[in-house]
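Peer 1: Note that the protein sequences, when read in sequence, are chains A and B. For the first sequence, position 109 (counting from the first letter as 1) is numbered 109 according to UniProt numbering, and the numbering increases by one without interruption. For the second sequence, position 141 (counting from the first letter as 1) is numbered 141 according to UniProt numbering, and the numbering increases by one without interruption.
Bear in mind the hints are in silico, worked out from the structure with no lab data behind them. Take these hints with a grain of salt, some might be off.
Because identical chains share one entry, a pair is satisfied inside a single copy or across any pair of copies.
What the hints assert, rightly or not - Here are the simulated SDA-like cross-link-like pairs (lysine to any residue), alpha carbons at most 25 Å apart as the crow flies:
id	residue 1	residue 2
1	Lys76	Ala103
2	Lys76	Pro44
3	Lys97	Leu73
4	Lys97	Pro127
5	Lys76	Val143
6	Lys97	Tyr169
7	Lys97	Thr108
8	Lys76	Asp144
9	Lys97	Asp122
10	Lys76	Leu62
11	Lys76	Pro127
12	Lys97	Trp50
13	Lys93	Val75
14	Lys76	Ser101
15	Lys97	Gly130
16	Lys97	His162
17	Lys76	Trp50
18	Lys93	Glu128
19	Lys76	Gly111
20	Lys97	Asp63
21	Lys93	Ala153
22	Lys97	Gly81
23	Lys76	Tyr47
24	Lys93	Asp63
25	Lys76	Arg112
26	Lys76	Asp139
27	Lys93	Tyr169
28	Lys76	Pro106
2 protein chains.
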Amino acid sequence: MPSDPRPRRSIALPLAGAALSALLVAAAPVATTPASPIYGVTLPDGYRDWRLIAPALEDAPLDELRAVLGNDLAVKAYRDGTLPFPDGAVLVKLAWKRTRSPAFEPATVPGRATTVQVMVKDSRRYPESGGWGFGRFIDGAPVDEAQHQTCFACHEARVRNHDFVFTRYAR
Amino acid sequence: MPSDPRPRRSIALPLAGAALSALLVAAAPVATTPASPIYGVTLPDGYRDWRLIAPALEDAPLDELRAVLGNDLAVKAYRDGTLPFPDGAVLVKLAWKRTRSPAFEPATVPGRATTVQVMVKDSRRYPESGGWGFGRFIDGAPVDEAQHQTCFACHEARVRNHDFVFTRYAR
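Based on the provided sequences and hints, a complete structural model is requested.
Peer 2: Here it is in structure tokens:
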């Protein structure tokens with residue numbers, strides 16, 4: 001499991017002129033929001049509009065409804081059965097405390113948003129963690145380094161045979 | 001609750017020439033898959049790629065994970081807080097039996113797909129059901145008329161104050 005903080009892409013920006021910065025912004029996802037420790041992963045722009053991979057439920061004590069969304073590369077890889085996922089694939093897991101529907105008692109529905117968790121595939125940037133960078137965010141801010149040190153260990157132990165990704169595409 | 005079967009748009013097609021049929025197909029969503037009784041609602045093309053409104057869990061005995069997706073008009077209405085929903089808004093609810101994740105015991109994930117349920121807003125076509133047409137499908141085929149007769153009665157009784165729509169947008 002990687003423990004050395006990786007350089008964030010945004011570190012280089014103050015050194016560059018405005019024109020170069022604009023070029024970099026256009027060319028690659030540059031950190032405009034706080035980045036996760038260890039991995040330097042940020043919340044991707046527009047992820048709430050990405051397509052659904054699958055919903056899930058996490059038991060108590062978390063008691064959360066979740067939905068994993070993927071960018072176009074991730075969705076295509078799932079549908080084509082491509083493993084490992086290609087560089088550029090990004091998965092975002094949204095989570096909410098589940099709460100009883102006020103309108104329909106047998107259903108539970110999303111309540112308060114809790115975490116947003118991101119996996120970014122970049123095999124050159126993240127060679128020590130299966131090619132994946134991880135970020136866990138609460139209210140838009142990354143959680144601490146200790147929490148990020150647990151990400152890959154768990155993915156590696158449990159879903160190495162699915163390119164370290166838990167979620168399967170819901171058909 | 002409407003009980004008279006409404007004419008399906010496809011009924012007119014055998015009377016028209018090939019050119020006119022092609023025109024109609026291009027101009028409006030014409031039934032290319034079996035349509036629901038009462039409402040004549042079909043599964044919309046490409047709905048699996050629509051954006052997520054919210055996930056949900058239905059308790060036993062159904063024991064289903066669900067995800068409601070919306071077309072662009074529906075998503076915009078949710079985000080803008082527009083009620084009633086505009087004509088053309090469509091919601092699709094996908095449902096799967098939930099099953100214990102083989103990789104992570106505290107989670108349940110989608111298993112076998114069960115129903116796909118569709119709501120289409122067309123206030124002129126469906127004046128007797130709050131402007132909504134309903135369709136419930138299993139393996140792409142609509143369920144019977146008796147089941148469709150229950151749709152609006154339940155929506156009317158429980159969520160009249162939200163334009164007859166249960167699902168809220170998960171933020």
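Peer 1: Run every hint past the structure and note whether it holds.
Peer 2: Evaluated hints:
1. Lys76 / Ala103: between (36 Å within a copy, 23 Å between copies)
2. Lys76 / Pro44: Both: 18 Å inside a chain and 21 Å across chains, each within 25 Å.
3. Lys97 / Leu73: Neither, since 29 Å and 27 Å both go past 25 Å.
4. Lys97 / Pro127: neither (34 Å within a copy, 37 Å between copies)
5. Lys76 / Val143: Neither way: Lys76 and Val143 sit 30 Å apart in one copy and 31 Å across, limit 25 Å.
6. Lys97 / Tyr169: Answer is both: 22 Å inside a copy and 14 Å across each meet the 25 Å cutoff.
7. Lys97 / Thr108: both (10 Å within a copy, 15 Å between copies)
8. Lys76 / Asp144: So Lys76 and Asp144 fail the 25 Å test inside a copy (32 Å) and across (35 Å) alike.
9. Lys97 / Asp122: neither (31 Å within a copy, 34 Å between copies)
10. Lys76 / Leu62: neither (31 Å within a copy, 31 Å between copies)
11. Lys76 / Pro127: within (23 Å within a copy, 40 Å between copies)
12. Lys97 / Trp50: both (21 Å within a copy, 24 Å between copies)
13. Lys93 / Val75: Answer is both: 14 Å inside a copy and 19 Å across each meet the 25 Å cutoff.
14. Lys76 / Ser101: between (34 Å within a copy, 23 Å between copies)
15. Lys97 / Gly130: Cα proximity of Lys97 and Gly130: none, with 30 Å in one copy and 31 Å across.
16. Lys97 / His162: between (27 Å within a copy, 22 Å between copies)
17. Lys76 / Trp50: So Lys76 and Trp50 pass the 25 Å test inside a copy (12 Å) and across (15 Å) alike.
18. Lys93 / Glu128: within (22 Å within a copy, 40 Å between copies)
19. Lys76 / Gly111: Result: close only across copies, 21 Å inter versus 30 Å intra.
20. Lys97 / Asp63: Answer is both: 6 Å inside a copy and 18 Å across each meet the 25 Å cutoff.
21. Lys93 / Ala153: within (18 Å within a copy, 35 Å between copies)
22. Lys97 / Gly81: between (31 Å within a copy, 22 Å between copies)
23. Lys76 / Tyr47: both (16 Å within a copy, 16 Å between copies)
24. Lys93 / Asp63: both (15 Å within a copy, 22 Å between copies)
25. Lys76 / Arg112: between (31 Å within a copy, 21 Å between copies)
26. Lys76 / Asp139: So Lys76 and Asp139 pass the 25 Å test across copies only (23 Å; inside, 29 Å).
27. Lys93 / Tyr169: Both: 13 Å inside a chain and 16 Å across chains, each within 25 Å.
28. Lys76 / Pro106: neither (35 Å within a copy, 28 Å between copies)
The earlier numbered hints that this structure contradicts are 3, 4, 5, 8, 9, 10, 15, 28.
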